[in-house]
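Produce the complete structure using the sequences and hints provided.
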Amino acid sequence: MNMLKKFTSFLRKWRARMHQVTFWVKTYGLPWSRAPFFPFIRPHHDMDDARLAVLQKRVAAGEEDGCGSAYAQAFCAALGGGYALPTASARMALHALLRHYGLRDGDEVLVTGFTCSVVLNAILRCGAAPRFVDIDRHTLGTSPESVEAAITPRTKALIAQHTFGVPCAIDSLRALATHYHIKLIEDVAIAFGSKHQGKPLGAWGDAAYFSTDHSKPLNSLIGGMLYTTDENLYERIFSEYQGWPHLPREKQQALLEQVRVERDNFTPARYRWHNFAALFAGCDAPSPFLDADYTPWAVQGDYPYPAKMPTVLTTLGLEALRQWPVVADERCHWFKKISEVFYRNNCGGMIPAGFQNIGKEVVPLRFAFCLPAACGPLRENKGLWRAVNAFFPANWIWFQDPVVCRATDITAYGYTPGTCPVAEEVGRGIVTIPLDVPSPYADRFMQNVENLCRELQRLPRA
Numbered sequence: 001m002n003m004l005k006k007f008t009s010f011l012r013k014w015r016a017r018m019h020q021v022t023f024w025v026k027t028y029g030l031p032w033s034r035a036p037f038f039p040f041i042r043p044h045h046d047m048d049d050a051r052l053a054v055l056q057k058r059v060a061a062g063e064e065d066g067c068g069s070a071y072a073q074a075f076c077a078a079l080g081g082g083y084a085l086p087t088a089s090a091r092m093a094l095h096a097l098l099r100h101y102g103l104r105d106g107d108e109v110l111v112t113g114f115t116c117s118v119v120l121n122a123i124l125r126c127g128a129a130p131r132f133v134d135i136d137r138h139t140l141g142t143s144p145e146s147v148e149a150a151i152t153p154r155t156k157a158l159i160a161q162h163t164f165g166v167p168c169a170i171d172s173l174r175a176l177a178t179h180y181h182i183k184l185i186e187d188v189a190i191a192f193g194s195k196h197q198g199k200p201l202g203a204w205g206d207a208a209y210f211s212t213d214h215s216k217p218l219n220s221l222i223g224g225m226l227y228t229t230d231e232n233l234y235e236r237i238f239s240e241y242q243g244w245p246h247l248p249r250e251k252q253q254a255l256l257e258q259v260r261v262e263r264d265n266f267t268p269a270r271y272r273w274h275n276f277a278a279l280f281a282g283c284d285a286p287s288p289f290l291d292a293d294y295t296p297w298a299v300q301g302d303y304p305y306p307a308k309m310p311t312v313l314t315t316l317g318l319e320a321l322r323q324w325p326v327v328a329d330e331r332c333h334w335f336k337k338i339s340e341v342f343y344r345n346n347c348g349g350m351i352p353a354g355f356q357n358i359g360k361e362v363v364p365l366r367f368a369f370c371l372p373a374a375c376g377p378l379r380e381n382k383g384l385w386r387a388v389n390a391f392f393p394a395n396w397i398w399f400q401d402p403v404v405c406r407a408t409d410i411t412a413y414g415y416t417p418g419t420c421p422v423a424e425e426v427g428r429g430i431v432t433i434p435l436d437v438p439s440p441y442a443d444r445f446m447q448n449v450e451n452l453c454r455e456l457q458r459l460p461r462a
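All residue numbers for the sequence shown refer to the UniProt record's numbering, where the first residue is 1 and numbers rise by one.
Hints are computed from structural coordinates only; laboratory data are not their basis.
A few of these clues could be false.
Unchecked claim - Derived pair list, reagent style DSBU-like, types lysine-lysine, alpha-carbon separation capped at 30 angstroms:
{"hint": "1", "residue 1": "K336", "residue 2": "K199"}
{"hint": "2", "residue 1": "K382", "residue 2": "K13"}
{"hint": "3", "residue 1": "K336", "residue 2": "K360"}
{"hint": "4", "residue 1": "K13", "residue 2": "K57"}
{"hint": "5", "residue 1": "K382", "residue 2": "K199"}
{"hint": "6", "residue 1": "K195", "residue 2": "K183"}
{"hint": "7", "residue 1": "K183", "residue 2": "K360"}
{"hint": "8", "residue 1": "K382", "residue 2": "K337"}
Set out below in structure tokens:
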């Protein structure tokens with residue numbers, strides 16, 4: 001009987017795995033294809049084995065605060081001033097701000113229906129409730145009109161989201177927050193380096209949080225930054241921050257290994273095969289990521305919440321800041337190159353108007369465009385779906401859902417379908433393209449963009 005149970009369990013797992021493999025091949029093609037496949041992550045190719053070995057020794061020795069202060073100072077210097085605290089994740093920075101502002105049961109935080117589950121988790125951990133507001137279709141960021149309509153006596157804070165490097169109407173939101181006496185927190189997770197009216201994003205609000213996750217503008221693998229220009233606020237939070245723990249040593253070891261994995265495999269030549277091989281990878285190794293925060297509940301993971309950013313991550317962050325001027329220029333360059341192809345193929349109208357000041361005030365994280373509403377969802381356009389997945393993974397396109405990276409039904413996070421109609425409409429048709437293109441693959445990348453535009457020309461425009 002035990003043998004039969006084991007065989008049945010094996011068969012069930014085998015069928016599930018084969019279903020995954022079949023879906024993967026239908027979506028991305030044969031794993032041994034030599035066609036380049038572009039990740040949305042810019043790996044740390046600069047971290048050779050010798051540098052990783054040094055970090056390994058520092059982790060083994062229990063060194064925790066090796067360059068945290070230097071990293072915070074360099075981060076502030078890049079923004080032209082201010083005060084910063086490196087955190088193990090951006091959501092921990094947000095949570096610390098909400099707690100400092102005294103949010104509790106019955107209070108509301110305004111947040112877009114174009115967000116990540118971890119943002120909502122940080123709000124819910126405080127006992128407060130998210131109240132969803134819509135986006136502006138031109139900036140893909142927080143809509144001032146929707147915010148003003150949503151403010152109630154229970155509103156205590158507003159999270160103003162800047163999306164893919166494009167500033168939202170932060171000057172209008174600043175005026176609203178001041179008028180209604182609510183705290184303005186900027187979500188600059190995916191907009192580091194951009195400005196609005198010459199002023200850096202992050203400096204408009206009472207405070208801000210940045211993400212340095214590996215898919216964000218600055219890559220420290222995981223991590224975030226609490227930022228403010230208010231010295232008094234910084235000093236009050238810093239006194240609490242000093243008592244925060246660091247990530248466990250096992251988690252830091254896993255992070256180091258992930259740096260090596262991404263360095264060696266997150267390249268256009270190897271990324272497709274790496275994704276396929278991951279289907280068969282074992283699950284025994286500890287995850288380097290902070291996976292417990294995608295739920296609408298305060299789940300205790302294998303790490304403290306909140307936590308400081310350890311030396312292994314601040315070292316990566318410093319390196320990312322050092323490279324930032326070159327990275328920013330490259331992303332602006334590729335955005336402009338892709339835009340030229342779109343306009344040449346009469347598809348330029350799909351690019352949101354907020355992406356006008358590329359290289360001046362906007363540093364894009366991704367190239368973004370929105371399908372006409374008549375086209376329906378991206379997944380339902382088979383030719384377009386194939387054209388997208390021919391050169392990058394469409395499952396990495398953010399905001400196809402009002403709450404991305406969910407662990408359960410969207411209603412558990414407090415979102416009722418239909419609450420944010422613009423965000424839902426845009427999400428059904430949003431497509432993003434990576435902007436980190438190694439020069440040896442430039443021609444193939446642009447050929448894929450041309451192919452994508454040919455598919456777009458076949459779509460209904462009404």
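Consistency of the hints with the structure:
1. K336 / K199: holds, 23 angstroms
2. K382 / K13: With a Cα-Cα distance of about 29 angstroms, the restraint between K382 and K13 holds, given a limit of 30 angstroms.
3. K336 / K360: holds, 12 angstroms
4. K13 / K57: violated, 39 angstroms
5. K382 / K199: Answer violated: K382 to K199 is near 43 angstroms, above 30 angstroms.
6. K195 / K183: Since the Cα atoms of K195 and K183 sit roughly 20 angstroms apart, the hinted pair holds (cutoff 30 angstroms).
7. K183 / K360: Holds - the C-alpha atoms of K360 and K183 are around 29 angstroms apart, at most 30 angstroms.
8. K382 / K337: This hinted pair holds, its Cα atoms lying about 26 angstroms apart.
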